[in-house]
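*Asks:* Top to bottom, those sequences are chains F and E. Residue numbers for the first sequence follow the numbering used here, so the first one is 1 and each next one is one higher. Residue numbers for the second sequence follow the numbering used here, so the first one is 1001 and each next one is one higher.
These aren't lab readings, by the way, just hints derived from the structure by calculation. Fair warning: this is a prediction, and the values are worked out from it, not measured in the lab. Honestly, I wouldn't trust all of these hints.
Far from chain F by the CB rule (all over 12 Å, computed), these chain E residues [what the hints assert, rightly or not]:
no., residue
1, I1043
2, E1078
3, H1134
Distance windows between CB atoms, simulated [as the list claims (entries may be wrong)]:
no., chain 1, residue 1, chain 2, residue 2, range
4, F, A202, E, A1011, 17 to 25 Å
5, F, E166, E, D1166, 51 to 59 Å
6, E, G1231, F, A66, 52 to 60 Å
Cβ-to-Cβ under 10 Å is the rule here; a few derived chain F residues that face chain E [unchecked claim]:
no., residue
7, D92
8, V150
9, C154
10, G161
Where is the CB? At the ideal position from N, CA and C, for every residue including glycine.
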Amino acid sequence: MKILVCISKAPDTTSKIAFTEGNTKFSEDGVQYIVNPYDEWYALVRGLELKESLGGTVTIVTVGTAADEPTIRKALAIGADEAVRIDAEAKDAFQVATEIANYAKGQGFDLILTGKETINYNGSQVAGMIAEHLDLPLVSLASKLDVNGVTATCDKEIVGGLETVEVQLPAVISCAKGMAEQRIPNMRGIMAARTKPLNVVAASASELNTEFVAYDLPAPKSAVKLIDPENMDALVELLHNEAKVI
Amino acid sequence: MSVLVYINSNAGKLSKSAFEAVTYGKMIGDVTVVTNGSTGDDILSSLGAYGAQKVLVDRSFDGTDAQQLTRLIGAAAEATGAATIVFSNDLVGKAVAPRLSVRLSAGLVSGAIGAPDADGKIKVNVFSGKAFGHVKVNTTKRIISLLPNSFQPEEVGGSASIEAFDGNVGAPGLVVKATKQPEGGVPLPEAELVVSAGRGLKGPENWGMVEDLANELGAATACSRPVADIGWRPHHEHVGQTGVAIRPNLYIAAGISGAIQHLAGVNGSKVIVVINTDAEAPFFKAADYGIVGDAFEVLPRLTEAVKKFKSAN
Ligand SMILES: Cc1cc2nc3c(=O)[nH]c(=O)nc-3n(C[C@H](O)[C@H](O)[C@H](O)COP(=O)(O)OP(=O)(O)OC[C@H]3O[C@@H](n4cnc5c(N)ncnc54)[C@H](O)[C@@H]3O)c2cc1C
Ligand SMILES: Nc1ncnc2c1ncn2[C@@H]1O[C@H](COP(=O)(O)O)[C@@H](O)[C@H]1O
């Protein structure tokens, strides 16, 4: 089983979100980066579990600059065998997917795993784009993944329910909650990660289909209106006449 | 300008997000809808009321296989010469729109919450709803995938012609082995009203009062992450940064502290009501209406008040 896991970095979930340069750039001031939770908790851990039971290798790939290396090392500490960094600043899902597809082509990966979405741009785009580039089937937002021989069986969410699907390998799978349990790296993993290979490859200069040109923050909420807990008729009245939501 | 709108009609009926997508397409140009499956012409033609002029339907396959739909919508885009293709950013849209984007070399804007402005920039949610971004598309064709519940469907009157269309879709990429049907109730991502509860409810046996209020309102139920993690509630109810992001008209949160990761998934709600014993709970800062009180008393009282209101109206 040759597994490729796509890893991105994301600001720590408690980060203060602010913008600079006339609201055109995300302010990295005081921001701590983490491995995008869906990539780490679900895609990577399930990839490692499959390797542990079926044998094989887990390679992680990131489209990013040298600044991404601490998060790449963290993913290595959790147990990936080797890392590849495609040397470009990630700006757009199409660019990222094209770089990863170009890298993966012809390397014989049985599974390409991604997270459900990045928690900064929330596009949920990269997995489908890689699949189309490589003409592979995609299981989108899988919450369970098992491999038997040349097929994978997945549970995936459908509106209000679940579907069990079977797909021929190789395939691309985007991983959502339920697939695995978060693993905390231990000291041995952290030490080992320092010497695992991190190969930097040149980008193939794919173009940008989309660009974020400006940002803004939501208007601050006005102060909360407190309601007497004894008087829920008053709340219902406000929800009906003032807020007009019921 | 010709706009193509993909609609999932596989449930045999049309959902609100279908009407949202047609309404959105109508703001940009002349709308042709593309869909598949066996839903009746009478149901499909109701899209005309929202401004669709034509519905192309491929009756050769059912279901929502992403590879088949990509071929179908790609063929329809070519046939209509549409420069803009609109999806709902639901579970099907999330699987199909990225594939189509590569197939058509069309820039994809996912999670749109605004119409294209004068320079074509489109507003989307970023950082899990903590901020907005404005996206410029550099390609001649573009795909826009709408965040559900961001646009009010608007009836404009009119009727749509139905035309058979062969998308030449080939074989599906996935084989569906089993389906667990929705367990009644309102699916969370589409719900306009949501009642949610957290660790403050102490245990799963106390969720009856959450469900009672939800039933009375016709609302969906949701929960905070620890509640799903301990197994008090199913995972699909978990809302927040790492769960489902929702934007209902009304979000009622009982016994939830309002951690930043929770807020990230619900702060798109139009109106937020918070019930918490702790007046200092951070959630009150994000709330429109706050009740400092015990959920065990307030929830049943609120259910009664809704019941009374409904019988009086
Ligand atoms: C990377 C990361 C991602 C995360 N993602 C999410 C996410 O997506 N969604 C999410 O929800 N969380 C998420 N979390 C967890 C989040 O930080 C909080 O821990 C969590 O939201 C707290 O859940 P809670 O409010 O139910 O519980 P608590 O924080 O324990 O709050 C319980 C609240 O109930 C109140 N209370 C107690 N008794 C009563 C009563 N009788 N009546 C009324 N109120 C009462 C208390 O005053 C308290 O405010 C994430 C955390 C991390 C680190
Ligand atoms: N720069 C990147 N490098 C490698 N993988 C990425 C990158 N950006 C996104 N991904 C992968 O694609 C998934 C979906 O990202 P997105 O489409 O941006 O929501 C993430 O969960 C990652 O697995």
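*Asks:* None of the hints should be skipped; say for each whether it holds.
*Replies:* Status of the hints after comparison with the structure:
1. Every CB of chain F lies more than 12 Å from the CB of I1043(E), the least distance being 17 Å, so the non-interface label holds.
2. A cut-off of 12 Å between C-beta atoms confirms that E1078(E) is not in contact with chain F; the least separation is 16 Å.
3. Its beta-carbon lying about 4 Å from the closest one in chain F, H1134(E) breaks the requirement of being farther than 12 Å from that chain.
4. As the Cβ distance of A202(F) to A1011(E) is approximately 47 Å, the hint placing it in 17 to 25 Å is violated.
5. At roughly 27 Å, the beta-carbon separation of E166(F) and D1166(E) lies outside the given 51 to 59 Å, and the hint is violated.
6. G1231(E) and A66(F) have their C-beta atoms about 42 Å apart, which leaves the hinted 52 to 60 Å range violated.
7. The criterion of a C-beta within 10 Å of any C-beta in chain E is met by D92(F), whose closest approach is roughly 8 Å, and the hint holds.
8. Annotation: V150(F) was flagged as interfacial toward chain E, and the flag is violated, the nearest CB pair being 13 Å apart, outside 10 Å.
9. For the restraint placing C154(F) at the interface with chain E, the shortest Cβ-Cβ distance is roughly 8 Å, inside the 10 Å limit, so the hint holds.
10. The restraint placing G161(F) at the interface with chain E holds, with a minimum CB-CB distance near 4 Å, inside the 10 Å limit.
Hints 3, 4, 5, 6 and 8 from the list above are not met by this structure, while the remaining hints are.
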